[in-house]
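For the protein sequence lines, the chains are F and S, in the order given.
Count the first sequence with the numbering used here and you get residues 1 to 421, in order.
Count the second sequence with the numbering used here and you get residues 1001 to 1421, in order.
If you're looking for bench data, these hints aren't it; they were derived computationally from the structure.
Quick reminder that beta carbons are idealized off the backbone N, C-alpha and C, glycines included.
Don't take each hint at face value.
[What the hints assert, rightly or not] To give an idea of the chain F side of the interface with chain S (calculated C-beta under 8 angstroms), a few residues: (1) His186; (2) Thr196; (3) Leu201; (4) Ile207; (5) Leu213; (6) Gln214; (7) Leu225; (8) Phe326; (9) Ser335; (10) Pro360; (11) Tyr361; (12) Gly363.
Protein chains: 2
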Amino acid sequence: MAAGLERATRRDSANVEAVKRLTGAEPVLVDVQPLQQAMPGFDRSTVLTSGAPLAWDEYRGGQRAGIIGGAIFEGLAQDEADAEAKLAAGEIRVRPCGDYSCVGSLAGIYTASMPVLVVENHSGGNRACCNLFEGVSRHRLNYGVYNEDVGRNLRFLHDVIGPVLGETVRTLGGVPLLPIMKRALHMGDELHSRNTAATLLFTRELIEPLMQLQPRMPTQVKQTLDYLRSSDYFFLRLSMAASRSAADAAHGIQSSSVVTGMVFNCRDFAIRVSGLGDRWFRGPLPTMFGAKLFEGFTEADVEFMGGESTFNETAGLGGFAQAAAFPLQEYQGGSPEKMVEANLAMYRITLGEHPELKIPYLGFRGLPSGIEIHRVVETGITPIMDIGVAGKAGGQIGAGSFRAPIECFRSAVAAYAEADI
Amino acid sequence: MAAGLERATRRDSANVEAVKRLTGAEPVLVDVQPLQQAMPGFDRSTVLTSGAPLAWDEYRGGQRAGIIGGAIFEGLAQDEADAEAKLAAGEIRVRPCGDYSCVGSLAGIYTASMPVLVVENHSGGNRACCNLFEGVSRHRLNYGVYNEDVGRNLRFLHDVIGPVLGETVRTLGGVPLLPIMKRALHMGDELHSRNTAATLLFTRELIEPLMQLQPRMPTQVKQTLDYLRSSDYFFLRLSMAASRSAADAAHGIQSSSVVTGMVFNCRDFAIRVSGLGDRWFRGPLPTMFGAKLFEGFTEADVEFMGGESTFNETAGLGGFAQAAAFPLQEYQGGSPEKMVEANLAMYRITLGEHPELKIPYLGFRGLPSGIEIHRVVETGITPIMDIGVAGKAGGQIGAGSFRAPIECFRSAVAAYAEADI
Chain F
1 MAAGLERATR
11 RDSANVEAVK
21 RLTGAEPVLV
31 DVQPLQQAMP
41 GFDRSTVLTS
51 GAPLAWDEYR
61 GGQRAGIIGG
71 AIFEGLAQDE
81 ADAEAKLAAG
91 EIRVRPCGDY
101 SCVGSLAGIY
111 TASMPVLVVE
121 NHSGGNRACC
131 NLFEGVSRHR
141 LNYGVYNEDV
151 GRNLRFLHDV
161 IGPVLGETVR
171 TLGGVPLLPI
181 MKRALHMGDE
191 LHSRNTAATL
201 LFTRELIEPL
211 MQLQPRMPTQ
221 VKQTLDYLRS
231 SDYFFLRLSM
241 AASRSAADAA
251 HGIQSSSVVT
261 GMVFNCRDFA
271 IRVSGLGDRW
281 FRGPLPTMFG
291 AKLFEGFTEA
301 DVEFMGGEST
311 FNETAGLGGF
321 AQAAAFPLQE
331 YQGGSPEKMV
341 EANLAMYRIT
351 LGEHPELKIP
361 YLGFRGLPSG
371 IEIHRVVETG
381 ITPIMDIGVA
391 GKAGGQIGAG
401 SFRAPIECFR
411 SAVAAYAEAD
421 I
Chain S
1001 MAAGLERATR
1011 RDSANVEAVK
1021 RLTGAEPVLV
1031 DVQPLQQAMP
1041 GFDRSTVLTS
1051 GAPLAWDEYR
1061 GGQRAGIIGG
1071 AIFEGLAQDE
1081 ADAEAKLAAG
1091 EIRVRPCGDY
1101 SCVGSLAGIY
1111 TASMPVLVVE
1121 NHSGGNRACC
1131 NLFEGVSRHR
1141 LNYGVYNEDV
1151 GRNLRFLHDV
1161 IGPVLGETVR
1171 TLGGVPLLPI
1181 MKRALHMGDE
1191 LHSRNTAATL
1201 LFTRELIEPL
1211 MQLQPRMPTQ
1221 VKQTLDYLRS
1231 SDYFFLRLSM
1241 AASRSAADAA
1251 HGIQSSSVVT
1261 GMVFNCRDFA
1271 IRVSGLGDRW
1281 FRGPLPTMFG
1291 AKLFEGFTEA
1301 DVEFMGGEST
1311 FNETAGLGGF
1321 AQAAAFPLQE
1331 YQGGSPEKMV
1341 EANLAMYRIT
1351 LGEHPELKIP
1361 YLGFRGLPSG
1371 IEIHRVVETG
1381 ITPIMDIGVA
1391 GKAGGQIGAG
1401 SFRAPIECFR
1411 SAVAAYAEAD
1421 I
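So here's chain F without its partners, still in its complex pose (with noise of 0.2 angstroms):
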């Protein structure tokens, strides 16, 4: 009994210190740059792909079209069977964003040529990249599709976009992203399907240090702004490198039960949990809890390829943050009862409230932050995430909310009861 009640409180004091952390994250956008340049260590031949390692050979669709993709892109390999056979003889490695601190987009293709952003979490110390939104086409690479068309585009981030936002952003002396983020909220967005408003307000801040790059590359400097215009979900690639800030932060708090990401592959979804290791505890993959696919398509069309911009929710936002976001209708469907509703559903799950980042129409109450293993077991109330639909002839076919499987959540808690802490 006073063994019990010992635990208890380390429990509790742990996680108080995990949601501090989580919701205390100043991210702050340092730099773009190659992840090679980024990440020092980062070896030429690997690509990295969303979710929990798995096999090479387990890899299917649209997840393993994307990494041949990224092989070919980055001249690893010549074509497909070059790639698969450097692939399945290990001389392409084959390892999951987080290893290097990214968090990938849908299959999440990161190979060493391709600018990111680097977000710096000023509380933590730590730092999370993301690499850039592909554009509006349907058909991208983190959509598990390498074509012509992909190729070009991906050279086009490479030698435009990434080195003009890169000069920019270090002109600035960086771009501190709280302050956009807790704007965007009270702007109709709530930063995972829906980034309109921070978009625009990252672009103002861009506006000057753009100004002066002119005279010395004017095309570049319109082709740049052309990108941010016809892009509304730029911004996500910055919320989800924050979140991954947050959540790292928040990682590896001896006794914690706080989830700290929530990531899948084509295979599973997953949890990591913050005093138990980097074990990631696995489960089916989510299920639909209210989707609208592009004309042409039914639920039987979609595919899951991977996706680690589920740390939004792991941070607050999104799935977490619907409240903020009624406008999400149009795009995911769904009703705003059922939005408020799925929005209140996540404080029972969460431990805090943000101090910073809130939401106006629940008279500015904080993002439910800090989601506890046994909460969800006790409740059955999974996390909802608001994420792209891929479809399996590649390509993005809509978007929509999906609930995380409970599966994951009871390992976590019984691998929680059996751990010394």
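With the hints as your guide, set chain S onto chain F.
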């Protein structure tokens, strides 16, 4: 009986047409230029001010001070005493803003040299103008204050902001406002007391022409960007001109009982009705529905010094769109529940729903548009208006929601019953 039916049919048809013109407006910002250029017939010795006309000796408080300040700013008088004398003698004329298709913010002071935003309603073929937001200082001419700082700021608008905006708008060949307003309503604006998103979206439209202008006028371009950046309310003047242009287009339809203008001066609130000519139906000043005053101020400090931004409510914005703008709680108080309830009530006194401008929280229902005088009198529900609150000592002291008085609607209903329609 048959005559009564015929009359009702004529009214219904006329009102359908009025709502069509009101909600079918296509406002485009076509230029920014001094009032005397925008309105060639404008007599230089005239000062415009908000509300139904009053005799000079009836103007009082901040509105009177504003008129005098405008006269001094324009060089029509040397000092207050000189201005008082010339105004009393009729050497300086005071006219309502509407005489020159202008729309007044608070006291609504216009003089010949002031730059105005020229908005053309492409569907109606008419124009409306609004002068520029004076910036974030609590003391501004439109809040009844004229001093050295206010004068310097007005000259800055005249020398820098007006010319730079004018050139960029002409370079663009005009800026369509409806697409911006549509998006802004999905981003937390109700386009009266909250214009944050619209101002950002408008700023984005100007980036490229500002870049083109930069080599020639680097300082002025930077000052304009700073001005736009510091002014979350910049767009209010554009939504006001857009609303006035829509309301003017809907005015003058024989037999229509739709409200085409709501304004107030320092003494009374007034409405005009599409089918009842240019007569203003006057009633007492609005009553407070809910407001948030800056620290240190109470309701006893509130002074009415005029306002025509309520053309926005006439067109379905502001108090008619509160459910689009929950963040307004911070600025003007209230609760989400009360905002939704107030917004829904406005559908009971209007005849139409805007086909383009919609409210996400209400399942993308169109804005309630086309206030009908009989509906107001029968339900006892009067329009709710989001307005800035002026103080007795001059300057802004807060913001809030106010209710229009029922008396002017009753007078209009009586006049309508007697009219030969």
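Hint by hint, here is what the structure shows:
The interface hint given for His186(F) holds, since its Cβ lies 4 angstroms from the closest Cβ of chain S, which is under the 8 angstroms cut-off. Satisfaction of the interface hint for Thr196(F) is found here, the shortest Cβ-Cβ separation to chain S being roughly 7 angstroms, below the 8 angstroms cut-off. Interface restraint check for Leu201(F): the shortest CB-CB distance to chain S comes to about 7 angstroms, inside 8 angstroms, so the restraint holds. Satisfaction of the interface hint for Ile207(F) is found here, the shortest Cβ-Cβ separation to chain S being roughly 6 angstroms, below the 8 angstroms cut-off.
Because the smallest distance between the Cβ of Leu213(F) and any Cβ of chain S comes to about 10 angstroms, over 8 angstroms, the interface hint for this residue is violated. The beta carbon of Gln214(F) comes within 6 angstroms of a beta carbon in chain S, closer than 8 angstroms, and the hint placing it at the interface holds. The beta carbon of Leu225(F) comes within 6 angstroms of a beta carbon in chain S, closer than 8 angstroms, and the hint placing it at the interface holds. Among the interface hints, the one on Phe326(F) holds; its C-beta lies about 4 angstroms from the nearest C-beta in chain S, closer than the 8 angstroms criterion.
Among the interface hints, the one on Ser335(F) holds; its C-beta lies about 7 angstroms from the nearest C-beta in chain S, closer than the 8 angstroms criterion. Interface restraint check: Pro360(F) against chain S, minimum CB-CB distance 4 angstroms, threshold 8 angstroms, status holds. A cut of 8 angstroms between beta carbons decides the hint on Tyr361(F): the least distance to chain S is about 5 angstroms, and the hint holds. Contact between Gly363(F) and chain S, as hinted, is supported at the beta carbon level, the nearest pair being about 7 angstroms apart and thus within 8 angstroms.
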